[in-house]
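Trainee: Heads up, the sequence shown is in this note's numbering, so the first residue is 490 and it goes up one at a time.
These are computed hints drawn from the structure, not numbers from a lab. Since the structure is predicted, the reported quantities are computational estimates derived from the model, not experimental observations. Every residue, glycine too, gets a C-beta built ideally from N, C-alpha and C. Some clues are possibly wrong.
Here are the simulated distance ranges between beta carbons [as the list claims (entries may be wrong)]:
no. : residue 1 : residue 2 : range
1   : A638      : F710      : 45 to 55 Å
2   : Q621      : L699      : 28 to 38 Å
3   : T633      : G665      : 39 to 49 Å
4   : Q585      : L607      : 41 to 51 Å
5   : N576      : G629      : 26 to 36 Å
6   : Q640      : V674      : 17 to 27 Å
7   : D643      : L699      : 43 to 53 Å
8   : R676      : Q637      : 20 to 30 Å
9   : A638      : L699      : 43 to 53 Å
10  : L607      : N568      : 45 to 55 Å
11  : N603      : Q631      : 40 to 50 Å
12  : T642      : S613      : 39 to 49 Å
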Amino acid sequence: MNSLSTGLSTTNTSVASLSTSVTNLNTQLTSLSTTIVNSTNNVIRALPASTGIAADMSAPNAAAPSVTAGSNSVALGANSTDGGRSNVVSVGSATQQRQITNVAAGTEGTDAVNVNQLNALSTSMSQSLAGQQGQINNLGSQLTQTQQALQQTDTMARQGIAAATALTMLPQVEPGKTINVAVGVARFAGQSGMAFGASAHVTTNGILKLGIGVSGQNKTFGAGYGYSW
């Protein structure tokens, strides 16, 4: 049959065999309600704009992928589904995942990133963090040294106050006496101090006083002269 010039509007019976090729079909075929059982030739059909087309259906005995339910979504591969999500590309399902291989390195903001890029980023971050960790450790060591220095300074200050206080506790020579030797003790903020000293009438109206105070590893010295009339 070389030409079919009249429209085929209704066919109520099954077409079991069509051995003659249809070379020209000028009339649009808008509706086909009868199932085509066997077809050895390619069938081209139009679908509504809202219907999604799943990939991987050309292989013999291939399982048809799930039709996408989301808007503007694509499901690739047998039994793939978008799970009803819109604007996504799915290569599997919630229970059947697949890898996407041979992915080039992304260059733009919306490109996919491959494992090589992630590994390079991980290595770079590890090196950077290692350097930062070294600086943090160094800072921690410096803070420890500073804290130790402050504690040492605090201890020395309290010892110095204790030793100085002990010096003030030394009695001086009494009137009518020539020389006095004395010992004094004191305690300040957990630190103890001790002082040794002597005083003497070097003249009738003049008194000389000497002393040394000790607390821990610290020592303090003092001397004084007084004149009375």
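Trainee: Could you run down the list of hints and mark each one as holding or not?
Mentor: Here's how the hints hold up against the structure:
For the hinted restraint 45 to 55 Å between A638 and F710, the CB-CB distance of approximately 25 Å leaves it violated. Separated by about 59 Å at the C-beta atoms, Q621 and L699 break the suggested range of 28 to 38 Å. For the hinted restraint 39 to 49 Å between T633 and G665, the CB-CB distance of approximately 59 Å leaves it violated. The hinted window of 41 to 51 Å between Q585 and L607 is violated, with their beta carbons roughly 24 Å apart.
The beta-carbon spacing between N576 and G629, approximately 49 Å, falls outside the hinted interval of 26 to 36 Å. Checked against the hint of 17 to 27 Å, the pair Q640 and V674 passes, with Cβ atoms roughly 25 Å apart. Distance hint for D643 and L699: a CB-CB separation of about 29 Å, inconsistent with the stated range 43 to 53 Å. The supplied range of 20 to 30 Å is met by R676 and Q637, whose beta-carbon atoms lie about 24 Å from each other.
Taking the beta carbon of each, A638 and L699 are about 33 Å apart, not inside 43 to 53 Å as hinted. As the Cβ distance of L607 to N568 is approximately 28 Å, the hint placing it in 45 to 55 Å is violated. Checked against the hint of 40 to 50 Å, the pair N603 and Q631 passes, with Cβ atoms roughly 42 Å apart. Between T642 and S613 the beta carbon distance is about 43 Å. The supplied range of 39 to 49 Å therefore holds.
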